[in-house]
Every structure is written in C-alpha cells, then in structure tokens.
Amino acid sequence: MKVCELITQLEKLDPNLEVYCYTEDERFATEDRPFWILDLQHVQTVNAEISRDAHHLPVTKFENSPSARTIVTIDVSSDF
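Under my numbering, the sequence shown has 294 at position 44, and the numbering climbs by one with no breaks.
Treat the hints with care, as some may be off.
Label pairs and their in silico Cβ distance ranges [stated by the list, open to error]: (1) Phe312 to Leu260: 24 to 32 Å; (2) Ser327 to Leu260: 17 to 25 Å; (3) Asp303 to Ala279: 17 to 25 Å; (4) Ser317 to Met251: 21 to 29 Å; (5) Lys311 to Leu267: 20 to 28 Å; (6) Glu281 to Val322: 28 to 36 Å; (7) Glu261 to Ile321: 19 to 27 Å; (8) Asn266 to Gln291: 17 to 25 Å.
Calculated pairs, EDC-like style, for lysine to aspartate or glutamate (alpha carbon to alpha carbon, straight line, at most 20 Å) [what the hints assert, rightly or not]: (9) Lys252 to Glu299; (10) Lys311 to Glu299; (11) Lys252 to Asp325; (12) Lys311 to Asp325.
Rather than coming from a laboratory, the hints here were simulated on the basis of the structure. Where a beta carbon is used, it is the ideal one built from N, C-alpha and C, also for glycine.
Use the sequences and the hints to build the structure in full.
Right, dumping it as structure tokens:
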C-alpha cells in the first residue's frame, strides 16, 4: 500500500478513532491465539532492500546501498 492509498482510506473515517493493526499471519498465529491486534507506535521513512530468500520468505535489510529504496515503516507493538 502506498501513502496516498492509506490516506484515502483513513480520510473516510472519524479522525478521533484509535488505529490498530490486525493480523492472522500464520507466522504469528497459534492455536490458542489465532490473531494479533497491534498498536501503531511510530511512522518513519527508512532505506531498505526488500527481497525474498530461497524459501520465498520476505527479507528486509535496512541499509544505504545502491539497491536500497526509501520506504515507510510503521512500528507496531503487541503491548497496548
């Protein structure tokens, strides 16, 4: 999702509502906890190289290299 897409979606909502992230990603889910609610902590831009490893899992390297690009990260926490 790009920043403009996020803004467009958020502009449709009450600006006084709290925002949380939600995931059912299998890497986080367990039998007794099938989903996670995450609190947004911080938004920033970083330089990163995004790729996939030999098992097709996402890999991110935060670095200033010729192959890195600027992305937005939203830091989240499971403690809210």
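Right, here's what the structure says about each hint:
For the hinted restraint 24 to 32 Å between Phe312 and Leu260, the CB-CB distance of approximately 26 Å keeps it satisfied. Roughly 20 Å separates the CB atoms of Ser327 and Leu260, a value that falls within the hinted 17 to 25 Å. Distance hint check: the CB atoms of Asp303 and Ala279 are about 21 Å apart, consistent with the given range 17 to 25 Å. Take Ser317 and Met251: their Cβ atoms lie about 22 Å apart, and the range 21 to 29 Å holds.
Restraint check, Lys311 to Leu267: a C-beta distance of roughly 35 Å breaks the suggested window 20 to 28 Å. The hinted range of 28 to 36 Å is satisfied by Glu281 and Val322, whose Cβ atoms lie roughly 33 Å apart. Evaluation of the 19 to 27 Å hint for Glu261 and Ile321 yields a pass: the beta carbon distance comes to about 22 Å. Here the CB-CB span from Asn266 to Gln291 is close to 19 Å, well matched to the stated 17 to 25 Å.
A C-alpha spacing of about 17 Å is found between Lys252 and Glu299, which places the hinted pair at or below 20 Å, so the restraint holds. As the CA atoms of Lys311 and Glu299 are separated by approximately 5 Å, the hinted pair is consistent with the 20 Å bound. Using a Cα cut-off of 20 Å, the hinted pair Lys252 and Asp325 holds, with the two alpha carbons roughly 16 Å apart. For the hint pairing Lys311 with Asp325, the CA-to-CA distance comes to about 16 Å; that is within 20 Å, so the pair holds.
Going down the numbered hints, you'll see the structure goes against just number 5.
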